[in-house]
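**Student:** Just need the whole structure built from these sequences, with the hints factored in.
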Amino acid sequence: MPSLNAIVSGAALMERLLDAVAAIGKAAIAVARQCGRITLFAAEGVSQIVRPPFYPRMVGRSLAEIGYFSLPVVALTAIFTGMVLALQSATGLARFSAETQIASLVVLSVTRELGPVLAGLMVAGRAGAAMAAELGTMRVTDQIDALTTLSTNPMKYLVAPRLLAGAIALPLLVVVADILGVLGGYIIATLRLGFNGHVYLENTLNFVQTQDVVSGLVKAAVFGFLVALMGCYNGYNSKGGAQGVGSATTAAVVSASVLILAFDYVLTEIFFVR
Amino acid sequence: MSDAAVAAVPKLRIRGLRKGFGAKQVLDGIDLDVPAGTSLVVIGGSGSGKSVLIKCVLGLIEPDAGTIELDGRNLLAMDREGRERAVATMGMLFQNGALFDSLPVWENVAFGLLARHRVGRREARGRADAVLAQVGLAPSVGDLWPAELSGGMQKRVALARAIAAAPDLLFFDEPTTGLDPIMGAVIDGLIVDVVKRLGSTAIAITHDMASAMRIADSVAMLHKGRIVWQGAPDTLMTSGNAIVDQFTHGRREGPITMELRR
Ligand SMILES: Nc1ncnc2c1ncn2[C@@H]1O[C@H](COP(=O)(O)OP(=O)(O)OP(=O)(O)O)[C@@H](O)[C@H]1O
Ligand SMILES: [Mg+2]
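Chains A and B are the protein sequences, given in the same order. Count the first sequence with my numbering and you get residues 6 to 279, in order. Count the second sequence with my numbering and you get residues -6 to 255, in order.
Calculated Cβ distances over 12 Å to all of chain B for the following chain A residues:
1. VAL51
2. SER102
3. GLY251
4. ALA256
Derived lysine-lysine pairs resembling BS3-like cross-links, with alpha carbons at most 30 Å apart:
5. B:LYS217 to A:LYS244
6. B:LYS17 to A:LYS31
7. A:LYS244 to B:LYS17
8. A:LYS244 to A:LYS31
9. B:LYS217 to B:LYS17
Derived by calculation from the structure, the hints in this document are not laboratory data. Yeah, the Cβ is synthetic: ideal placement off N, Cα and C, and Gly gets one too.
**Tutor:** Below, the structure is given as structure tokens:
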């Protein structure tokens, strides 16, 4: 027969186990609830894009902020990425005596993957953070409430233009990134590895297919939307003064970055695995 | 309906309004009538829920229970559109100004006009300059950014923005806090002026007894989530109500105890 002590400690152990299960359950519910809120927020924001009145000025401002002002950082990222790819693949492919494949490797990696993903991450750090900080400040200083009292729907005035601009601006940036990425590879291949420039470009153009570029641009549109969504959602719902705005900014960048990588996987499955 | 019956419907009638945040009951059954064309001043300690009260009327905070009637129609029972239309007849001066810092001053002032009446930008600019003049600011101020203004100027711009669309019901959340006494008196004068000229109804929150005396037709004291006293401003200092008495005389000892920690 088990002693009283053993029964008691068994019950205590059971309780602790149940506590752990409960904690996991609570966290899961919290995550699900958060996802639900973000989805509702996104749906409301998108529905406001298509319903008048429209705010073309706000869209233009957001396009400049997300797209134009991100150009330098995205350009630098793309060109160095192309250079590194060429250099790395040169040493790697040499083991299979397949150095001629450098051009195709660079152009595929850049258009399909690295262009959209790296541009998305850069824009998340720049524009996503700025959006969260701006909307967060507007929230904690009552500016968002003030919009409502002035007959202006803040979801329509603040959020919808940013979502739209995000989905437009990032593909445009990625076009630039694709070109500069290939250029980076070209520079290394010709100046450093001694390839013939004409042949390199020919290899690039012969190998790349429309689908590679298009899939990258679709990815970019999704990533741009996600960056704007996380920036707006976190900023719009921030509370508690300067500190609240700070954590909203961090949350916007981190969540957008994670979502970009997660959606990148999902979209790649959809595009290339059939 | 006879004229007398119309006159009897107050501009704003609040009944049993309750709002809690978590465990804290901020508003605990507010009953309040504001007759059309009058100014009510709400006083009460810091954190007593004055701002929450007017945010409930403006639809910025959803109350837990109660009714808020504007011209006899319950705002809380309206659909979204009806409520938006009702809020469009209101103007609000926020406690901290809440000026849009990404827009120049004149666009702040004309924001409601641009949003509501679809006036052109050139005309809106003219109207903004006119309203700025009403609060004693030169048209050149219209080209500045909110961050370039002093606190007193920001309050005046915020006042201009609140009154620009000539609202029927005006809210002023601590319009004179943080201003020097002279500027405070100037703002009070502007508020009285504007309310009279527009024929609007006004609800103002203030901690400043002198200001309350200048603005109010009636004063209400908010304490522990309820209106504990209401009366004419000249009876404020001699109300005989222990809570009002402690508040107006700024005594440390009395029925109001500041909770330093919650
Ligand atoms: N959005 C909110 N979420 C949680 N609590 C809130 C919120 N808004 C107000 N409160 C709480 O409600 C209480 C009343 O706040 P309110 O801003 O109405 O005070 P007040 O009377 O305007 O004070 P003051 O004179 O200092 O402006 C405070 O304790 C505040 O913490
Ligand atoms: Mg307040």
